[in-house]
Amino acid sequence: MSGSSNDQSTFDGGYNYAYLDEQTKRMIRRAILKAVAIPGYQVPFGGREMPLPYGWGTGGIQVTAAIVGRDDTLKVIDQGADDTTNAVSIRRFFARVADVATTTRTADATIVQTRHRVPETSLREGQILVFQVPIPEPLRTLEPREVETRTLHALAEYGVMQVSLYESVARHGRIAKSYNYPVLVDGRYMMSPSPIPKFDNPKLDRSPALQIYGAGREKRIYAVPPYTSVKSLDFDDHPFEIERWTGCCALCGSSESFLDEMIVDDAGSRLFVCSDTDYCGSRTAATEPAS
Amino acid sequence: MYVAVKGGEAAIAGSLDLLADKRRGDRTVPEISLAQIDGQLTLAVDRVMTEGSCYDRELAALAVKQARGDLVEAIFLLRAYRTTLPRFGASVPIDTGQMIVERRISATFKDVPGGQSLGPSFDYTHRLLDFSLAVEADRPAAPVDPDATAQPMAHVGAILEREGILEAPPAAREPGDLTREPLDLPADRSVRLQNLARGDEGFLLALGYSTQRGYGNNHPFVGEIRHGPVPVSFIPEELGFAIEIAEIDVTECDMVNQFAGSRDVPPQFTRGYGLAFGHAERKAMSMALVDRALRARELAESATSPAQDEEFVLSHSDNVEASGFVQHLKLPHYVDFQSELVVVRALRAEVESRAAPPALDRAAE
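Here the protein sequences come in this chain order: A and B.
In this text, residue positions in the first sequence follow the working numbering: the first is 1, and each later residue adds one.
In this text, residue positions in the second sequence follow the working numbering: the first is 1001, and each later residue adds one.
Heads up, a few of these hints could be off.
[As the list claims (entries may be wrong)] Label-pair distances were calculated between CB atoms; the ranges are:
(1) Arg1023/B x Cys248/A: 43 to 49 Å
(2) Tyr227/A x Phe1337/B: 31 to 37 Å
(3) Ala107/A x Ala1349/B: 35 to 41 Å
(4) Cys248/A x Ala1349/B: 16 to 22 Å
No wet-lab data here; the hints were simulated from the structure.
Don't be surprised by glycine CBs; every beta carbon is placed ideally from N, CA and C.
With the hints as constraints, model all of the structure from the sequences given.
As structure tokens, then:
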């Protein structure tokens, strides 16, 4: 499963390279540049219809289409895995329209497009992590109106989120928010890290890789440049903390990674395995010769 | 087992094969042709062109066929094709006054200059299943009225405008374009109209209906509905003058609504506007009702109903966006769900550990 894979998708020259026309790509690149210049700020962009449905990664796909080139190596994951249906579909799409090499190995990729996870393997300088974002506005569940939330961002008026977290503490004794956990970028803009589990939030902080977030339906792009501070919101007496499991991965034995729970029989027996298939697979491969 | 729960190349390929097979259906029945869809499921093609924002009957018919008759899916296919087309420029705005009307009715006057022309419509049918259609047969052509004149007709609204009792259309200015620029709120009326024209017919129908049932009522009258072909002109840069490049069928609705007026403005009728490709009166009327409802702020009316809420309406009207996002719930969400499981279990464990012995509780009561 590791290494460059041939997705049985052959390059289709019937469309412009990477599907989008060059003017659209330029427009998206301009939005990305602005997003990088103002970390965490949601830049509106003229999002296009893509041949994949809204909510299935059109924002991330447009970002990737705007930055990908023939010398890139692309990795696509969903839920941390390379072989989930949507990841397969998007990887095949780019193999078909962008003639790009694809890989499942995090270390080999120049662009990693992801939904719901950040790879366990640390990213390095030069790599770009592209997130698929359903709702870019972190305040949306608290304030449904764009006109209002735009003003709140302009004034850096984020009290409403702190109150929401406080209410969670008052009700549950802790911050009971598990994913899409709000962060403050570079001490200025509140940002949705996309629905990654809060387990992944610390990986965003001062990451050597560039993070670009694309929201297709909502037509917003935002970014976190390399080595930028990304702080998960919390309180002094209720510091941010990540999920912990009592066990370890049943395949590779990792106790450091995000574990998926699988029900393996009708009696409801549980098995825990790494959600990051590349991380898990390379650990298994490394230990096998020794055993 | 671990691999078995994941999707894979082979599984997807199998699914695609099954879809293609289902699309073809019973092999003993002849395959449906694009000409049949275009010619006999005309209104389906019209809707796909309107909400797909692309006037091409053949492509729309292809989309309907590929989508197995699922029109929202067909609209999606056409949109995804349209978005790849290079843009040479914009046409001159069409002049619906130049339309050779196939149908033209007004509910505001018994008769109007040019006359009421009923044209083809379900309106005057009894909705009784016509069993004679169940079998193939030669169908006679409709008789042609030898006195019919193919003359452009003036708009009914123009008559009221002259009296000053109906507001004039807004002055022409450069319209926005949602397919190039993201929605910016509050939105310009041109952008709102574009959004509604592309918007889901069912959504707009329900919103328009809600205004009639008291949620933002504005007392509408159908000033005029007209349907027929209009010429499309384009000014190539190198020529500098307009040339006619096409003819398209459209349906236009000019809805006339009450307006109480204010201390400074005498009472005057206001307008809501609807326009759709092909023959689509329900869509054009719904669009006109919602357009008028969204003008509440501009006309200093209180805006308390859903149909008057610009952000709510414009953000949820697009069925390609809505269908995609609703159906994305089918994608795996197990990482987030796992994250929730960990938190909920921890919370439950805390509650259980805090719980006082139940026997004591009962004794206290």
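When the structure is checked against the list of hints, which entries are broken? Sort them ascending.
none
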